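So the protein sequences, as listed, match chains A and B. For the first sequence, the working numbering assigns the number 1346 to the initial residue and increments by one for each residue that follows. For the second sequence, the working numbering assigns the number 1346 to the initial residue and increments by one for each residue that follows.
These aren't lab readings, by the way, just hints derived from the structure by calculation. In this text the structure is predicted, and so the values were computed from the model without any measurement. Among these hints, one or two may not hold up.
It does not matter which identical chain is meant; a pair holds if it fits inside one copy or across any two.
As the list claims (entries may be wrong) - Derived lysine-lysine pairs resembling PhoX-like cross-links, with alpha carbons at most 25 Å apart:
1) LYS1721 to LYS1635
2) LYS1496 to LYS1612
3) LYS1476 to LYS1566
4) LYS1754 to LYS1721
5) LYS1721 to LYS1612
6) LYS1635 to LYS1754
7) LYS1476 to LYS1565
8) LYS1635 to LYS1612
9) LYS1496 to LYS1570
10) LYS1680 to LYS1565
11) LYS1678 to LYS1566
12) LYS1635 to LYS1566
Number of protein chains: 2
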Amino acid sequence: MKRNGNIDIFALHPTQILVLGFAILILIGALLLNLPIASQNGQSIGFINALFTATSAVCVTGLVVVDTLTYWTTFGQVVIILLIQIGGLGFMTMGTLFALLLGKKITLRERLVMQEALNQFSFSGVVRLAKYILIMTFTIEGIGAILLSIKFIPIYGLSRGIWYSIFHSISAFCNAGFDLIGNFRSLTPFVDDVLINMVIMSLIILGGIGFVVILDVMQKKNFNKLSLHSKLAITMTLILISVGFFVILILEFYNPDTMGQLSLKGKFLSALFHSVTPRTAGFNTLPTDKLTMASIFFTIVLMFIGGSSAGTAGGVKITTTGVVIATIVSVIKGKDDTETFGRRIPRDIINRSLAIIGLALGLVILVTMILSITEKDCSFIGIFFEAVSAFGTVGLSLGVTSTLSKLGKIIIAITMFFGRVGPLTVLLALAQRKKENKGILRYPEEKVIVG
Amino acid sequence: MKRNGNIDIFALHPTQILVLGFAILILIGALLLNLPIASQNGQSIGFINALFTATSAVCVTGLVVVDTLTYWTTFGQVVIILLIQIGGLGFMTMGTLFALLLGKKITLRERLVMQEALNQFSFSGVVRLAKYILIMTFTIEGIGAILLSIKFIPIYGLSRGIWYSIFHSISAFCNAGFDLIGNFRSLTPFVDDVLINMVIMSLIILGGIGFVVILDVMQKKNFNKLSLHSKLAITMTLILISVGFFVILILEFYNPDTMGQLSLKGKFLSALFHSVTPRTAGFNTLPTDKLTMASIFFTIVLMFIGGSSAGTAGGVKITTTGVVIATIVSVIKGKDDTETFGRRIPRDIINRSLAIIGLALGLVILVTMILSITEKDCSFIGIFFEAVSAFGTVGLSLGVTSTLSKLGKIIIAITMFFGRVGPLTVLLALAQRKKENKGILRYPEEKVIVG
Ligand SMILES: [K+]
Ligand SMILES: [K+]
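Next up, chain A with everything else stripped away, as it sits in the complex:
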């Protein structure tokens, strides 16, 4: 690690760089939000709350202990949206990088070591990738902001309308779920607004499906030519959104506290929105705590599944879930191999999927148990929901976040961080991996990114 007395960051494993980098970003964010000028009441919010908010922003979660509009000053809000943008871009870039390197069977460290040996310190490839992602992100967020401004400028005036459009476009594309609507209302005032719903949902889905898939679709323009990863991610997204839409619509159709009073248009829009948002945007247009028990539990399941790998979404990921479903189908069919879309999913991906789901379940169970000790006044479902929301970096809550004890806040903050950098990534960062090349003859394979 050390060379010439200095820590050599190039000698760190890339996952260690990721974990370290985001920890530092969170710390800087916490210090800024801790300043009195960040709070409207002119007093420091206190370090735990500042740390919680910074973690929630960098990890693009959206769980908030104070209302973003009414508590923070514009300075505070700018810090938050910058943390979201840097966090979101960072995870997307690092995720894409890892995914591409995984495809090429070469680790970043190996590449760096290789470059070092060749005295070629040019990061041209990495820089070009980051540039692509930056351009794509700003393009999509720009279009989103322009579309949102059609509604927001008439409502909030020119300057505040533009600010709202930019803030919510970034927050939606980064799957962050922070909002400036006020009083923890999220997007409930816009429950039956077609434009706002459609723009926000499109941003959520594009951000959540990740750069690799978007690039693949832009290049190939034909579903059959896409990579297995893209096929699986797109199919799972469509299935989960459709299933979620029908389940939420049926369960809430007559619920007087949610959809009951809405027009048919409002019912359809809000059902679609509440199918999209748990994976893992965190906005809501219906009051989450008023949903039926079945919808709440279903939302927990969607939050746990999350979005696509190498994007801004959290959870165990839809591709991981896709691998599990493909494996179940293969086992039932009596096949030894996990097959889907005419391809065989390699064994290490299946092992990895199993490990990710096992670790995620373990983490959620542990956090729920600890919270049920520290937060004695909360209902079990509230705590369970909060734990999964934090792990999946979703940001939906049944109202537990603002009542959390100090210890509870620290636990949720740690859960968001683990949920974001991935339980597996954290562990891989700790353990030095030794790659062994074995000379086994195998059939041709294609990789899927999971986790």
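Using the hints provided, position chain B with the ligands relative to the given structure of chain A.
Then chain B with the ligands, alone, in the frame of chain A:
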């Protein structure tokens, strides 16, 4: 399926025989329990309740809509214990058979077809196996009953004491959890009784670990010489009991509604008992609904994991969980193969483990969602607990069972049946498996039974 106009049961897949056989047994049990002479009030209990009780007995679950002592006549109680004994023996025999056949890479059907071809209809091997299991079961249950009678005869008198000893010995070894203590109290009156606790726990563990492991231990007498399956089952049992003991002890130590008032001996005994019973016996010595929220959630996790394959326990099984843990460790270590105890776990076992856990999670989620619609007055944790208890054929309850609606009872009965015959077995029974032999060169392997 048909030959000479008759259904040829030998042409059925063994899992189809298993499902059909137990469905018939449940139906016979329900008809008997539906008779007025089964109820102490001289009136038929009604078919839904009779079916629920018969399913609970045959599937060795122990969830009860009426108290076994105070509601049923001796006739009814005898029917129940016979259903438990036949169900328990049946599952143990069938499970062992499948496990042995799996090890020999030949299905029962193939063997039967082979025998048919050779005009050898002698089931000598199968009969000998069933005989072994029968002898072992009656020996263990006999010893259990004699030990229990030391306490039960002084308390309940000679004839009732003997009846209680036999009933509870069978119920414990079969992991059924039915009791004759009265008023839904289960074994709470014996919370600090060393003999009762130790005997019941030993019976639960022996029944839950399965015949294959017991036979293996009796033959080899040396841990290192045991099969991988036995090593994994024994290790996981010890780990889960130890972890469970400490977790329950810490969480309940000062809980005034459970352990708070007990002596240190009572605390240790009840912590141990409540570590053993969720996997998946269903007796309780502490009031389940008075446990802390953290203990209740922890109990749900233990119920989901369950006992060993090819025994009387339910759940996804400890060996399945062991495979998942071994896979997680292997992935973290960067190994492509899942290794444990110096052996490589073959790929199809890992796929199967993934499928079992995926299907089990799916079933529990679905049942919880449906129950939260049909049982509006119950708390979420009560419903979730009930769904997992039914799936794991545990029989613990937070009090939901006796308040279930008719639809709720049917759903729980179906869940018990699915949980018992195994989601995978049911699906395998429906789908005809086609075995393909592929000529891939592989390293030597050893099988583990999962599910
Ligand atoms: K989020
Ligand atoms: K049981």
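Hints versus structure:
1. LYS1721 to LYS1635: Answer is both; intra-copy 21 Å and inter-copy 14 Å each pass.
2. LYS1496 to LYS1612: within (21 Å within a copy, 64 Å between copies)
3. LYS1476 to LYS1566: So LYS1476 and LYS1566 pass the 25 Å test inside one copy only (22 Å; across, 65 Å).
4. LYS1754 to LYS1721: within (14 Å within a copy, 32 Å between copies)
5. LYS1721 to LYS1612: This pair counts as between: shortest inter-copy Cα distance 23 Å, intra-copy 36 Å.
6. LYS1635 to LYS1754: Within one copy only: 24 Å inside, 27 Å across.
7. LYS1476 to LYS1565: within (21 Å within a copy, 64 Å between copies)
8. LYS1635 to LYS1612: So LYS1635 and LYS1612 pass the 25 Å test inside one copy only (15 Å; across, 41 Å).
9. LYS1496 to LYS1570: neither (38 Å within a copy, 73 Å between copies)
10. LYS1680 to LYS1565: Neither: 31 Å inside a chain and 34 Å across chains, both beyond 25 Å.
11. LYS1678 to LYS1566: Neither way: LYS1678 and LYS1566 sit 32 Å apart in one copy and 39 Å across, limit 25 Å.
12. LYS1635 to LYS1566: Intra 42 Å, inter 59 Å, cutoff 25 Å: neither.
In the structure shown, a violation is registered for the earlier hints numbered 9, 10, 11 and 12, in ascending order.
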